[in-house]
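Engineer: Protein chains in written order, with the UniProt record's numbering: chain A, 1 to 272; chain B, 1 to 472.
None of these hints come from the bench; they were simulated from the model. Hints may contain errors.
[Claimed, not checked] With a straight-line Cα cutoff of 20 angstroms, these simulated SDA-like cross-link-like pairs (lysine to any residue) come out:
| no. | chain 1 | residue 1 | chain 2 | residue 2 |
| --- | --- | --- | --- | --- |
| 1 | A | Lys-270 | B | Ile-424 |
| 2 | B | Lys-81 | B | Pro-202 |
| 3 | A | Lys-270 | B | Glu-302 |
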Amino acid sequence: MPESSTRLSVRKTYKLYVGGKFPRSESGRTYLVDGDNVSLASRKDARDAVVAARAAQPKWAGATAYNRGQVLYRIAEMAEARRAEFVSLGVAAAEVDAAIDRWVWYAGWSDKIAQVAGGANPVAGPFFNISAPEPTGVVAVVAPASLLGLVSVVAPAVVTGNTVVVVAGNPQVAVTLAEVLATSDVPAGVVNILTGHAAEIAPWLASHDDVNAVDLSGVDDADLATELERAAAGTLKRVLRPTAAPDWTADPGVGPMTALLETKTVWHPKGF
Amino acid sequence: MFDYAPAPESRSIVDIAPSYGLFIDGAFTEAKDSFKTINPATEETLAEVALAGPEDVDRAVAAARRAFESWSALPGSERAKYLFRIARIIQERSRELAVLESLDNGKPIKEARDVDLPLVAAHFFYYAGWADKLRYAGFGPDPRPLGVAGQVIPWNFPLMMLAWKIAPALATGNTVVLKPAETTPLSALFFADVCRQADLPPGVVNIVTGAGDTGRYLVEHPDVNKVAFTGSTEVGRQIARSVAGTGKRLTLELGGKAANIVFDDAPIDQAVEGIVNGIFFNQGHVCCAGSRLLVQESIAEELLDSLKRRMSTLRVGDPLDKNTDVGAINSAAQLARITELSEIGAAEGAERWSPECPLPDRGFWFAPTIFTGVTQAHRIAREEIFGPVLSVLTFRTPAEAVEKANNTPYGLSAGVWSEKGSRILAVADKLRAGVVWANTFNKFDPTSPFGGYKESGYGREGGRHGLEAYLA
Numbered sequence: 001m002p003e004s005s006t007r008l009s010v011r012k013t014y015k016l017y018v019g020g021k022f023p024r025s026e027s028g029r030t031y032l033v034d035g036d037n038v039s040l041a042s043r044k045d046a047r048d049a050v051v052a053a054r055a056a057q058p059k060w061a062g063a064t065a066y067n068r069g070q071v072l073y074r075i076a077e078m079a080e081a082r083r084a085e086f087v088s089l090g091v092a093a094a095e096v097d098a099a100i101d102r103w104v105w106y107a108g109w110s111d112k113i114a115q116v117a118g119g120a121n122p123v124a125g126p127f128f129n130i131s132a133p134e135p136t137g138v139v140a141v142v143a144p145a146s147l148l149g150l151v152s153v154v155a156p157a158v159v160t161g162n163t164v165v166v167v168a169g170n171p172q173v174a175v176t177l178a179e180v181l182a183t184s185d186v187p188a189g190v191v192n193i194l195t196g197h198a199a200e201i202a203p204w205l206a207s208h209d210d211v212n213a214v215d216l217s218g219v220d221d222a223d224l225a226t227e228l229e230r231a232a233a234g235t236l237k238r239v240l241r242p243t244a245a246p247d248w249t250a251d252p253g254v255g256p257m258t259a260l261l262e263t264k265t266v267w268h269p270k271g272f
Numbered sequence: 001m002f003d004y005a006p007a008p009e010s011r012s013i014v015d016i017a018p019s020y021g022l023f024i025d026g027a028f029t030e031a032k033d034s035f036k037t038i039n040p041a042t043e044e045t046l047a048e049v050a051l052a053g054p055e056d057v058d059r060a061v062a063a064a065r066r067a068f069e070s071w072s073a074l075p076g077s078e079r080a081k082y083l084f085r086i087a088r089i090i091q092e093r094s095r096e097l098a099v100l101e102s103l104d105n106g107k108p109i110k111e112a113r114d115v116d117l118p119l120v121a122a123h124f125f126y127y128a129g130w131a132d133k134l135r136y137a138g139f140g141p142d143p144r145p146l147g148v149a150g151q152v153i154p155w156n157f158p159l160m161m162l163a164w165k166i167a168p169a170l171a172t173g174n175t176v177v178l179k180p181a182e183t184t185p186l187s188a189l190f191f192a193d194v195c196r197q198a199d200l201p202p203g204v205v206n207i208v209t210g211a212g213d214t215g216r217y218l219v220e221h222p223d224v225n226k227v228a229f230t231g232s233t234e235v236g237r238q239i240a241r242s243v244a245g246t247g248k249r250l251t252l253e254l255g256g257k258a259a260n261i262v263f264d265d266a267p268i269d270q271a272v273e274g275i276v277n278g279i280f281f282n283q284g285h286v287c288c289a290g291s292r293l294l295v296q297e298s299i300a301e302e303l304l305d306s307l308k309r310r311m312s313t314l315r316v317g318d319p320l321d322k323n324t325d326v327g328a329i330n331s332a333a334q335l336a337r338i339t340e341l342s343e344i345g346a347a348e349g350a351e352r353w354s355p356e357c358p359l360p361d362r363g364f365w366f367a368p369t370i371f372t373g374v375t376q377a378h379r380i381a382r383e384e385i386f387g388p389v390l391s392v393l394t395f396r397t398p399a400e401a402v403e404k405a406n407n408t409p410y411g412l413s414a415g416v417w418s419e420k421g422s423r424i425l426a427v428a429d430k431l432r433a434g435v436v437w438a439n440t441f442n443k444f445d446p447t448s449p450f451g452g453y454k455e456s457g458y459g460r461e462g463g464r465h466g467l468e469a470y471l472a
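Input sequences plus hints: build the corresponding full structure.
Structural biologist: Written out as structure tokens, the structure is:
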């Protein structure tokens with residue numbers, strides 16, 4: 001915020017976003033990022049965030065697709081109102097616009113992805129047979145630093161009914177997004193955001209038995225990425241690891257959503 | 001049970017050579033070492049088979065890499081015709097291949113003939129048709145193959161698992177190095193001959209036989225772009241660890257401990273047939289077997305009486321007899337595992353029951369077995385037995401049934417039996433499993449995606465979904 005000569009500005013502490021609340025790290029630790037005070041998340045915070053995400057998941061997945069779409073669109077509305085704040089954090093105006101538009105784009109997917117990714121299967125027998133996508137569950141995301149990158153990994157996860165624990169790439173940008181989410185009808189626990197060091201927190205998430213998938217889009221260190229991928233093998237988590245540096249401005253396609261969906265196929269006999 | 005006259009299928013239709021090499025670059029080649037494959041029903045040696053070492057796997061991957069350039073550049077419509085040819089040859093040779101499969105695996109000829117082989121041919125027909133239609137499959141306007149696929153398959157449905165792996169890989173323009181299971185290598189080697197008959201270009205399909213080490217060489221080979229594995233969750237974990245950081249694409253179809261849920265309004269006779277099919281089909285050597293029966297308490301007694309009566313009519317014995325329902329256990333090692341877990345089940349307090357059931361003197365056999373009074377803490381309720389052993393648990397409410405069904409790290413399949421449509425749909429929605437059979441069980445089709453949730457693996461085989469694993 002620009003400081004006027006007559007008034008001392010009120011500084012903000014950037015806190016974690018877990019279970020719909022903004023707690024400090026249980027560890028009591030903070031760190032300075034570009035002069036701002038930021039909570040430094042611990043292993044315990046990561047575990048608390050997984051508990052919150054798991055608790056929120058069945059109800060979020062059970063909400064109607066229409067409802068999830070409405071919530072995502074509301075996020076776009078709230079983000080629009082905070083354009084200036086994102087810009088003040090150094091995010092280019094065009095990127096803020098693109099990030100808001102991405103929420104709108106994904107909002108529309110909520111009640112379409114099942115038809116695109118699923119459908120009736122013409123089996124050779126007297127059976128009704130249908131495949132439908134379902135959320136994989138709790139997704140741990142090591143997010144890219146950019147706002148557009150962050151939105152591009154969180155939105156496809158949640159629009160499909162997953163809940164997420166995000167390790168922020170850029171703490172101030174991520175917590176500001178959390179403040180958008182907190183005022184956007186997003187149920188508590190659907191998105192949880194941790195600030196701190198990916199190298200410290202992410203291994204706990206990748207090896208956590210109650211996490212179903214990990215998205216490593218924001219991991220720049222190849223050794224850390226391999227370590228996380230290996231840790232994820234313990235419970236056979238789904239792993240997203242983009243091979244090249246992703247172009248977040250490109251059309252995302254359905255891949256980011258289908259990677260976090262399971263296909264369930266149901267058979268039933270036909271007969272009088 | 002009244003007696004049937006023996007009705008043996010003739011094995012004269014199959015000509016098994018005394019020894020087989022590795023199928024690399026369109027020709028059978030020698031390897032330094034070899035191993036024997038036996039008939040698990042008699043323990044007689046069927047053939048001597050080459051054991052592929054690291055340098056053999058190298059040769060196979062190099063052949064697949066060379067073949068990839070021209071195979072991937074071939075118009076989809078031409079690749080399709082090769083696959084159609086293969087499908088047709090399999091149909092023409094299906095009796096021979098069914099008898100071979102029964103000999104090497106121990107499964108009843110009835111199942112090899114009526115389930116495995118028809119599904120194998122159908123799978124090639126299905127994916128043949130995709131080869132020139134990939135841009136309509138929903139994976140972008142110009143989907144590209146990945147390169148060389150290293151594929152490792154299990155022994156329970158040897159040729160069917162081969163079809164599930166090779167058909168989509170070839171349709172999408174990839175080339176393949178496939179390792180069949182150590183105890184069931186023969187049908188893959190016969191498939192190599194099918195490829196030659198079809199004039200498939202050399203190197204497009206390579207078959208390397210061997211044991212776990214051969215599989216590891218293949219999976220860890222640096223020039224493999226895609227790994228596809230079907231087998232145990234433990235090996236799946238190791239593979240996931242070993243490909244970490246390599247950028248290889250990976251699909252895993254792993255173990256299961258499926259719940260088969262029977263509600264009090266289920267049609268009892270049909271449910272009993274479904275339970276029997278669910279756990280005794282293929283000697284229970286089925287990753288999606290309905291190995292945990294969850295029966296509503298109010299009908300448990302009636303259902304179990306009926307189930308035991310039905311089990312008493314199962315014919316266990318000579319796999320080549322057309323009347324046989326339950327064949328031989330695939331290997332001594334698998335028999336030891338089934339025996340051990342069953343002994344643990346009894347020791348932990350569950351009540352064991354099998355019908356009167358004379359078993360042959362030679363070969364590997366295990367009588368169909370059920371355990372009642374099983375709790376969720378029992379190892380036989382938690383671990384995959386991969387044999388003809390059913391654990392029976394009870395429940396009172398639908399919510400309890402769902403809770404118990406999902407109380408497992410696995411999530412491959414599940415069954416629901418009820419006459420109430422709304423209940424079936426609600427329960428199917430809540431089950432965390434990739435395939436849900438409602439008022440049926442163990443049904444498969446090339447158009448129907450198959451694969452698991454949670455620790456049963458990731459990726460789908462079959463249907464449009466099955467293409468995704470082989471496309472960039």
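Engineer: Decide, hint by hint, whether the structure agrees.
Structural biologist: Status of the hints after comparison with the structure:
| no. | hint | result |
| --- | --- | --- |
| 1 | A:Lys-270 to B:Ile-424 | holds (14 angstroms) |
| 2 | B:Lys-81 to B:Pro-202 | holds (16 angstroms) |
| 3 | A:Lys-270 to B:Glu-302 | violated (26 angstroms) |
Hint 3 alone, counting from the list given before, is not met by this structure.
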